[in-house]
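S.K.: Position chain B relative to chain A; hints supplied.
Each chain is listed here by its residues.
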Amino acid sequence: MIMPENDWLPAVFLGLMALSFLVYAILDGYDLGVGVLLPLDTNEHNYQTQRDTMIYSIGPFWDANETWLVMAIGLLLIAFPSAHSIILQTLYLPTSLMLVGLILRGISFDFRTKAPSKNKTKWDFTFKAGSLLATLSQGYMLGRYVTGFEDTLFGYSFSMLASICVTAGYCFIGAAWLVMRTEGELQIKAAAWAKKCNLLMAIGIFAVCVTNLTFNQAIMDKWLTFPQILIMVPITVLFACLFGTVHLYLTKVPMKNDVGCWYPFFCATLIFILCFIGLAYSFYPYIVWQKITIWEAASARNSLMFIFVGAVIVLPTIIAYTIFSYRVFWGKTTKLNY
Amino acid sequence: MLDIAADPNELSFMLSRIQFALNISFHILFPTINIALCWMLLFFKVRFNQTQDETWQRIYRFWVRIFALTFAIGVVTGIAMSFQFGTNWPGYMETVGNVAGPLLGYEVLTAFFLEASFLSIMLFGSERVSARVHTIATLLVAIGTTMSAFWIIALDSWMQTPQGYEMIDGVAYVTSWTEVIFNPSMPYRVTHMLLASGLTAAFFVAGISAYRIYQGDNKSSAKVALKFAMAVAAITIPIQIFVGDLHGLNTLKHQPAKIAAMEGAWQTEKGLPLLLFAIPDEKARENHVEIAIPNLASLILTHDINGEVKGLNEFIGEHPPVAPVFFSFRIMIAVGLLMLLASWLGCYFFIYKKQFPTWLLKSTIVMTFSGWVATIAGWYVTEIGRQPYLVSGLLRTRDAVTDTPPENIMITLTIYAIVYAFVLFAYISTLFVMAHRAINLEQKELTLSDMQNEKLLEDPNNASTGSAL
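Those protein sequences? They're chains A and B, same order as listed. Sequence positions in the first sequence follow our numbering and run 1 to 338. Sequence positions in the second sequence follow our numbering and run 1 to 469.
Bound conformation, chain A alone (with noise of 0.2 angstroms):
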């Protein structure tokens, strides 16, 4: 039963996993970010109390960033059942080591605080090393997504090179959180990080429009005609204001009062933001690249129509109650006590 191309409903819920992954992406990014970027050296007697800051300020929040996660995979196993298995079969290797990054890194939260405080150093180092293996997953999961799972080496060199941008995606979001929850030493060294980051990310994301706009046939079709084309020049434009200005702005932190901290993670959502919406409308209106659509792919109408309404009812609720803990835990970032 496949549905009319009519349908609001799968359209619907498309909208609503792809923010959901757009919102993961950004929420979960600063945290896997900040996992990544926590400092190492044991020598250094100050890094300790950098990475407990850098724990503290993602401490209160990760828990529902990652439920974003679930959030987003349940609704394409809600409303695409068979996009679902096809994709997470073929990506069945990187999406295991996703999930042992992300349990090593959740469970390493805890001890860290609670194990013998001897321990403290390993669990920080599981903590990073798991943030890595999740950020380093995700971005080749990506890249093989986008390539519509081709077994070429194309598509696997074009998975790594989105391994690699992704990650360093997430270590900007990351940085700039940092640079707007922190202050003193470790916000410069947080303005420090982003800057690079920064660079990398612009390399990385003008790399996979290239390779997109140049070896993809319908991709090319979408942008490259008229009027789309049109479009382009000012995206452009405010890809390069964005990059240029938060680049500008790091090489000045800290500002008298701490003027605009939290102008780099504007930036950074901003940027996440349209890069999404980009990958989005090359995509639509397929689920799987080329293979199946979202009205191939659709539940039953019936059981859409049943999760729509909870929907509607539940998620302005949890957007209220996000917000309010954001409410309660927000400012420059201070110890977590129990």
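Certain hints may be false.
Said to hold, decoys possible - Here are the in silico distance ranges between beta carbons for each label pair:
| id | chain 1 | residue 1 | chain 2 | residue 2 | range |
| --- | --- | --- | --- | --- | --- |
| 1 | A | Y284 | B | T178 | 41 to 47 angstroms |
| 2 | B | L424 | A | N337 | 26 to 32 angstroms |
| 3 | A | Y284 | B | R398 | 34 to 40 angstroms |
| 4 | B | W344 | A | V12 | 53 to 59 angstroms |
| 5 | B | E166 | A | Y284 | 28 to 34 angstroms |
Unchecked claim - Residues from chain A shown here face chain B by an in silico Cβ test under 7 angstroms; the list is partial:
| id | residue |
| --- | --- |
| 6 | H84 |
| 7 | T95 |
| 8 | L102 |
The set of hints was computed from the structure by calculation and includes no laboratory data. Beta carbons: idealized from backbone N, C-alpha and C, even for Gly.
M.R.: Chain B only, in chain A's frame:
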């Protein structure tokens, strides 16, 4: 085994089953503690609000940290679980996705976000929000964990006793959501599991508190927690035995093959004996070394001493592997009876006589993880008991498996096994490290919150009682 090795599909099937069993068995350990522990924390919190007695505050502070640790492991292993459906059992979602998807969706929407968001306020927010908001946050986390249990068990029960759907072209379509959610076995299974969580948490709290007292902790917090947990266990266990019996009767009605396997009954019999022990032999289709009480199984199951119970031979090719179901069931019952004994003795000595005899403290320590054993055994009875079906009568487990090459599953299975063994070891040893910190902590120092930085509290040379570590 040879035919399995020869057929990569068969090997993938076996490995996927082992991997799923490993993942779900490991995952369930942590929610089983936390569902009830969270309600207990709420109780401690409310008691403190009412009495302003610092003992309750101490108990809360000690257990909320263990709750946090347990929660984190539960969350991340749960995420791994949620991916298994797609990676290893694609046929499941393709066939019954219209039923399972929304139920899982509601679990995420109504439970996961609620728990995850308010958990941070519950854990770290006590200095940032009012006492009232903090208590509400604790309540919401407790509601979240229980809701989560409700949805997932509603789905599991539907897989056991499916209704409210129709099959079109090999795919299930829902005809009534009420029938799907309130399927016949759901109320029994949800209640049975929530009580199991209560017992698991009670013995867990009792065991670690007993360990603290045994190691010389004289503070009122350890004793009050021990008495509280024992009382909870003593009240819960008879209810659990009663509900378990009802659940069994429900299973007899809807899944007679599972009951036959639990009882080790091959032939349909009037006046079926209760087997205390036996070795079921599936090839010969008979039992060896039976120790039996005549007619008792019929009495329990049909409430008639000569009642007829269907045997496994009525369900050839359609019944589960007998031995694992048979033994798991007996392990669960045995642990349940031990719990009854331990909790009533505990109440008699700890609460009524106000004595803490060493032998009973030791037995309570031994029982710390008894809830885990019973819970896992119970789940094995019900899940293995559903085989060879994934969804009773609708989808065979064999037909849902992935065609991922067995090598890949072997790799991931190995990694999971190593990681889980490591996490379990770290978890249990950290529990005892935390207990030692609590033993050595001064009663009145409530401001001392990040206990880990107090090196002296965990250093065996400084601590008079820390030698066990």
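S.K.: Evaluate each hint against the coordinates.
M.R.: Quick rundown of the hints versus the structure:
1. A/Y284 with B/T178: 41 to 47 angstroms: Hint violated: Cβ distance 36 angstroms, outside 41 to 47 angstroms.
2. B/L424 with A/N337: 26 to 32 angstroms: Hint holds: Cβ distance 28 angstroms, inside 26 to 32 angstroms.
3. A/Y284 with B/R398: 34 to 40 angstroms: holds (37 angstroms)
4. B/W344 with A/V12: 53 to 59 angstroms: holds (56 angstroms)
5. B/E166 with A/Y284: 28 to 34 angstroms: Distance hint for B/E166, A/Y284 holds at roughly 33 angstroms.
6. H84: holds (5 angstroms)
7. T95: This interface hint holds because 6 angstroms falls under the 7 angstroms limit.
8. L102: holds (6 angstroms)
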